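Enquirer: Here is how the chains run, residue by residue.
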Amino acid sequence: MRRTTRKAAGIVAMASVLALALAGCSRGGGGDDGDGTAAASSPGITDTTLTLGITTPLSGATAGPGTCTVAGIKAYFGAKNADGGVKFGDGKTRKVEIKALDDGYDPQKAKANYDQLKDSVFAMTAGLGTPTNRAWREAAISDKVPQVLVMTGDPIFSNKDDSPWQLGFVPTYMNEGEAFGKLLADSGEDHKVVILSQNDDYGEGYVSGFKDGIKGASNIQVVKELTYEATDTSVDAQITELASTKADVIFNAMSITPLAIAALQKAQQLNWKPSWFLPSNTSSPGAILGPGKASAFPGVYSVAFSQSASAPGFADSDEGAKFLSELKEYADYKDTPAFPHCIWSYQVGAVLDQVFQKMTSPTRDDFMKELRSISDYVAPFMLEGTSVNTTEDGQPAVSTVVVQKYNGKGYDTVEKFG
Amino acid sequence: MGTFIQLVIDGLSTGSIYAALALAIVLVNQATGLVNFAQGGMAVLSAYIAWWLAGLGVPLILAILITVVVSFFLGALIERYLMRRFERGDPDTAVVVTIGLLTLITGLCGWLWTYNNQQFASLFSLNTIQIAGASISVRSVGTIVVIVVMMVLLQAMFLGTKLGLALRAVAVNPQSAAFSGLPVGRLLMVGWGLSAVLGAVAGSLVAPQLSLTPGMMDTALVYALAAVILGGISSPIGVVIAAWLIGVLENLAAVYVSFIGYDLKVAVPFILIFVVLIVRPQGLFGRKSVVRV
Chain Z
1 MRRTTRKAAG
11 IVAMASVLAL
21 ALAGCSRGGG
31 GDDGDGTAAA
41 SSPGITDTTL
51 TLGITTPLSG
61 ATAGPGTCTV
71 AGIKAYFGAK
81 NADGGVKFGD
91 GKTRKVEIKA
101 LDDGYDPQKA
111 KANYDQLKDS
121 VFAMTAGLGT
131 PTNRAWREAA
141 ISDKVPQVLV
151 MTGDPIFSNK
161 DDSPWQLGFV
171 PTYMNEGEAF
181 GKLLADSGED
191 HKVVILSQND
201 DYGEGYVSGF
211 KDGIKGASNI
221 QVVKELTYEA
231 TDTSVDAQIT
241 ELASTKADVI
251 FNAMSITPLA
261 IAALQKAQQL
271 NWKPSWFLPS
281 NTSSPGAILG
291 PGKASAFPGV
301 YSVAFSQSAS
311 APGFADSDEG
321 AKFLSELKEY
331 ADYKDTPAFP
341 HCIWSYQVGA
351 VLDQVFQKMT
361 SPTRDDFMKE
371 LRSISDYVAP
381 FMLEGTSVNT
391 TEDGQPAVST
401 VVVQKYNGKG
411 YDTVEKFG
Chain F
1 MGTFIQLVID
11 GLSTGSIYAA
21 LALAIVLVNQ
31 ATGLVNFAQG
41 GMAVLSAYIA
51 WWLAGLGVPL
61 ILAILITVVV
71 SFFLGALIER
81 YLMRRFERGD
91 PDTAVVVTIG
101 LLTLITGLCG
111 WLWTYNNQQF
121 ASLFSLNTIQ
131 IAGASISVRS
141 VGTIVVIVVM
151 MVLLQAMFLG
161 TKLGLALRAV
171 AVNPQSAAFS
181 GLPVGRLLMV
191 GWGLSAVLGA
201 VAGSLVAPQL
211 SLTPGMMDTA
221 LVYALAAVIL
231 GGISSPIGVV
241 IAAWLIGVLE
251 NLAAVYVSFI
261 GYDLKVAVPF
271 ILIFVVLIVR
281 PQGLFGRKSV
291 VRV
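Chains as they are written, first to last, in UniProt numbering: chain Z, 1 to 418; chain F, 1 to 293.
Incorrect hints may have been included.
Claimed, not checked - Here's a subset of chain Z near chain F, in silico, CB distances under 10 Å, partners left out: (1) L58; (2) S59; (3) G60; (4) D232; (5) A243; (6) T257; (7) N271.
To be verified - Between beta-carbon pairs, the in silico distance windows are: (8) Z:G84 / F:G57: 39 to 47 Å; (9) Z:D248 / F:I131: 24 to 32 Å; (10) F:R85 / Z:K334: 54 to 62 Å.
Don't read these hints as lab results, they were simulated from the structure.
In this text, all values refer to a predicted model and were calculated from it rather than measured experimentally.
Glycine residues also receive a C-beta, built at the ideal position from the N, C-alpha and C atoms.
Kindly produce the complete structure, drawing on both the sequences and the hints.
Expert: In structure tokens, the structure reads:
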């Protein structure tokens, strides 16, 4: 029933977008620079400002992480702007402005947001969600609008042939799954593994990466694989069925926070105590492991490439304190973020900053060229052993992860399983 | 065998969540003749109030009791100042208003308390008891017991008290009820107030399990409506049994019927509804509605 109301809202939104687009057209091309010597600058950039667009969920079930994807980058550029702005490769100093719209994780709305933003922003960035980013990927290619450093582990965004105007930021689901599979295979011990995965690209990506990681390892046996739907309210039945296998490792490729907590709790109620692997976006110590009482298990593993803001000691470090105060001041985000996406989007800001410093002409073409030329850049809060590398085709900006183990409060990087 | 019993118990526990919401829908329908789509949203709002009070240091059980009282008045106010305007008109309009109310309350909760998941402490412990190879959590048992008590109270109220009779009279025919001296307006307010109370209890019961977010009840609402149709909208006992049936059958079908699995289990309750409605259009336990000509 809510879909009907949403649809109505969508129609109204579409109508206003159309009206805006028409108004935009009647004003003519614009953007030509006076002297005609330099290349014409792209939309969304002047001599003093550059505007970035974001479409991301700010309401609905994914709003927690979604809000973070805006807050982090706002904090980064808010602080930069307060210092005067970003010095670009063409010698000009520009302030970076951000226009963020809510798509509620609805692909149709994401596309409408993109249409609304595309003529007034220089590039689209940082938005969260695979289906939502996919919804306007082809439009962005044909409009030649950069859709870069977006928060999705879908590999299609990092393949240059398919997606010339795109680049993913976070490691692909396969990168993550494979890292854990390898860790397990290298343990040298026999393990019985069960898999519970979300029935979509997200879950399938993790599972296929994991299977690549354990390929050829005779000590690892996958005894049962089950799925669940992202709309399910409970996975109790799945956990019950998996528990009956008495496996000692569960690979839980889940993206829904409440279900991740419920799964941890259910296993404890059944007195089944395997080791867990959780994806990076559902392994927050504060939001998931604490409420799920994860210390009851012999080990809870996750992969990461950046520090966690909710880990003990973070707020006491100079860098951490600065980040939290910038988040408060420039993004109006008052709490310590429970989701990693705030730090990720702060890092997106830092990577864009690097690109801007190299850009010698104010065009989207040059931006894409420089974006693909960053190697071994260690962004703020990155863990040792990880870095930003955009030169390798087929991989997102960050493709290296380290495996971490829960220590009751936060995570420690581990070299081996057990 | 242990797994089978476990699946049944898990199903009853999940079904109880749907049942709690379904009971509130039945109550409003019996008192006003409407299907209230905002019921899930109202339950979430109540849960947020209880969570907020608990956050201020009020003991959980007291916070829930205060919320129950507050919810009664909130429900009554919604009836008096919002729904009253639409009750005389086309019933379809009133239903659409409740859908709008759902969107409004969800947005309001998100605005006030953000869309982040909030941890709502559980009234019951997470400890488990072992019965016949199945582990049953105290929380599941607690939830099931509370639902049964609410169901019995409701059934008794509708069938055995003057208030219940008056509420039903108002729903069936407001004009005749008014002529026979019943305070129609006040009864409608009481009906909405009581359903908000049920919602508050439901919200507080399920928030620890689903973790508190503004959209917490959205999926549960769909199942609750299914239970209402399946059980018969006039029967509290019927909807609770239907909700349990949905929870249990869904689990069993996913595990034991290989072509259904976890991907298709969501369709099970709706196939069930389809079959039941062909045979018994009034639902499993519903009364046939008779119109005098």
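Enquirer: For each hint, tell me whether it holds in the structure or not.
Expert: Quick rundown of the hints versus the structure:
1. L58: Where the cut-off is 10 Å and the nearest Cβ of chain F is about 8 Å from L58 of chain Z, the hint holds.
2. S59: Holds, because the Cβ-Cβ distance from S59 of chain Z to chain F comes to roughly 6 Å (cut-off 10 Å).
3. G60: holds, 6 Å
4. D232: holds, 8 Å
5. A243: With a closest approach of 8 Å, the A243 of chain Z hint holds.
6. T257: holds, 5 Å
7. N271: holds, 6 Å
8. Z:G84 / F:G57: 39 to 47 Å: holds, 46 Å
9. Z:D248 / F:I131: 24 to 32 Å: Holds: the Cβ-Cβ distance is about 26 Å, inside 24 to 32 Å.
10. F:R85 / Z:K334: 54 to 62 Å: Once the Cβ atoms are compared, 38 Å apart, the range 54 to 62 Å for K334 of chain Z and R85 of chain F is violated.
Consistency note: the structure conflicts with earlier hint 10 alone.
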